[in-house]
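Asks: As a plain string of letters, each chain reads:
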Amino acid sequence: MTRRLVLAASAAFCALTPAQQTPDITKLSADSAAAYKTWRERDPKLESEVRTAAKATLDARILRSADDAQKMTIARHELADAAFQAAKNALDALDKDLGTPVLDLQLAALQRQQKQLEQDASLLDRNIKVFAADKDPGIQKVKTEMEKERTAMNAVRDALAGEEKTLTALKLIGDRGEAARTPAVGRYGELMSAARQDRDRIENESALWQAYYQALGKVAPAEVSKTTIAPGNPREETTRVPVLRPGRESTVPPKSGVPPIVADASRWTGAWTYPPTNGLFSGEEPESAEIIVREQDGQLVGTLNARFRLQKGVLRDPVLRIDFNGPLTATRTLKMTAVTADRVTGTLELLPGSAGNLIEVSWQLGASQPSKALPKVRQGGMVLWKK
Amino acid sequence: MCARILFLLSLSGLFAAVEAQTSAPAGLGLLQQNAEKKTTAWLNLHATFEDNLSRLLPCDARAVKTIEDVNRSSDARIEAWITYTAQWRSLAATESRNAKRTEAELNAQSGVLQAEKLQLENQIADLRTRRAALPATSEALKPLDQLIDLNSQRIAAISDRTAALDAAKQSVATLVSAAESRAAAVDKEAAQWTDQAARWRAYYAARISRAKTECAITGQSTAPRAPRKKQ
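If you read the protein sequences in the order shown, they are chains V and E. Residue numbers are given in this note's numbering: position 101 of the first sequence equals residue 101, and the series is strictly consecutive. Residue numbers are given in this note's numbering: position 190 of the second sequence equals residue 190, and the series is strictly consecutive.
Keep in mind that the hints were calculated from the coordinates and are not lab data. Keep in mind that a hint or two might mislead.
As the list claims (entries may be wrong) - Here chain E is said to cover these stretches of chain V; the calculated rule only asks that three of the stretch's residues, wherever they fall, bring their Cβ under 8 Å from a Cβ of chain E:
hint, region
1, 30-43
2, 78-88
3, 108-121
4, 170-184
5, 188-196
What the hints assert, rightly or not - Below, in silico cross-link-like pairs of lysine-lysine (DSSO-like), each with a Cα-Cα straight-line distance of 30 Å or less:
hint, chain 1, residue 1, chain 2, residue 2
6, V, K148, E, K212
7, V, K71, V, K88
8, V, K171, E, K142
9, E, K212, V, K165
Just so it is clear, the structure is predicted and the values come from calculations on it, not from any experiment. From the three backbone atoms N, C-alpha and C, an ideal C-beta is built for every residue, glycine too.
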């Protein structure tokens, strides 16, 4: 369950990273709230009825609540990822100087112009003064032109003074912005770190929910688990049959009502299929699945072929083929060595279902994957009926 | 025909890429360097043109040309500044938009954190109720207690995150204000260039007018020009 959570969340995280897009945190928050509400409302009396409910019904209820808790945890993880990504995006944006120009240089150039114009104006003023003393009409014409020039020069000087004011204001604004940028960057660093820690906590939460519901299943008293599927007609299911969860080993004495331990190969051999509707599973939901089991020299040899309906955003191969084999033992659980078509190894367990025409299968694969292939559905379980 | 269209499309893509490059901050730096270079060139011409004019006879054809050359140089540097400021303006507007979006996101995150906190508090209460219904010896109690503890830790962490968010909000509010002021000031800076260009042109036009008057009153004579004091 933890792996599923991590993979799903990682896929969501990776999907965000390349485009640096800011996630819709409000929507993810609403999704998280909805997932929490589903979990809370699913079975509020589960714990209070854990000692009185019929085993078969109870197991199904536990399974549903565990699934809801898992979905709730995934939604929380995605929200924490989004908070991390939002803080990261904001930090990237804040830390990036979008091109604050070097105003000092521009101001220096402006001051050079102003100085030059002062010199020009000074010379012009002197000339106007000299020409003013001469009453010659031609000289007076030149003086008039000089005065016009002086007016134009003053207009330029006014414009430069205005620009100097604007540039000085821009410099101050830039300084003010920089003064605020540094603490903001620091705060976003804190927010990123906090979001990361939150993600770690949620990963722990996933494992705790799993442990909780597994333990809750053990609270149930030794009560008869009624056969709920009519042999030979599994579609007439009235109560769902639980998938035996990992950890229930054959060393545990079977409770009354649980099908007896069988060493008969015929209990396992043959073709088994996952029902098209109302199937029971843990992990990813199968779209279709088949198992063919045969006996060979005291060993059981078989193949599981399955296709899954993967949740949106889960980057895994929807197709799974596992070849398995192992000894036929007089134990409740048959532990098999499993290998996928891509040579990923792991274990597969076969368990008798609550009726003779049902078996349960669960598998767990190792982490090693072919480099270019999508990861396999590494863990899961389902109930199949005999063809 | 198709090949031609494809060629044109590829050219348009190339131009778009070039445009995207110039819109980067590095492009702004280059534009600024270009404007400064042209300003220096113009200022050198401007600083010496009166002195050069004083060495020419009033009706020397080179007199008007000298002033026109300085005017052209002035126009060129102002054009460079206009290009640069337009780019700066675009970046300042982007910065302002980013700052506002960041501020809005912070506000959204505050709401989300409060909702998360409430959810966790409700879940703790719910888990405690469920805990009370379980047998005292149940193995489920341990993970359940750990879940309650984990939720409590998350609530405490949310309080810290809320404090960091509030502090970030203050800084970002200052940034938003600075970015808005900067965008407005850059708008003003952009607008002043057109006005400044017109004023410089008017000045050089006045200077040409004086040169022509000096020529008119002196004819082809060698009458002395207005004195030019060496700087």
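Asks: In ascending order, which of the hints set out earlier in this document are inconsistent with the structure?
Replies: Hints 8 and 9 contradicted; others consistent.
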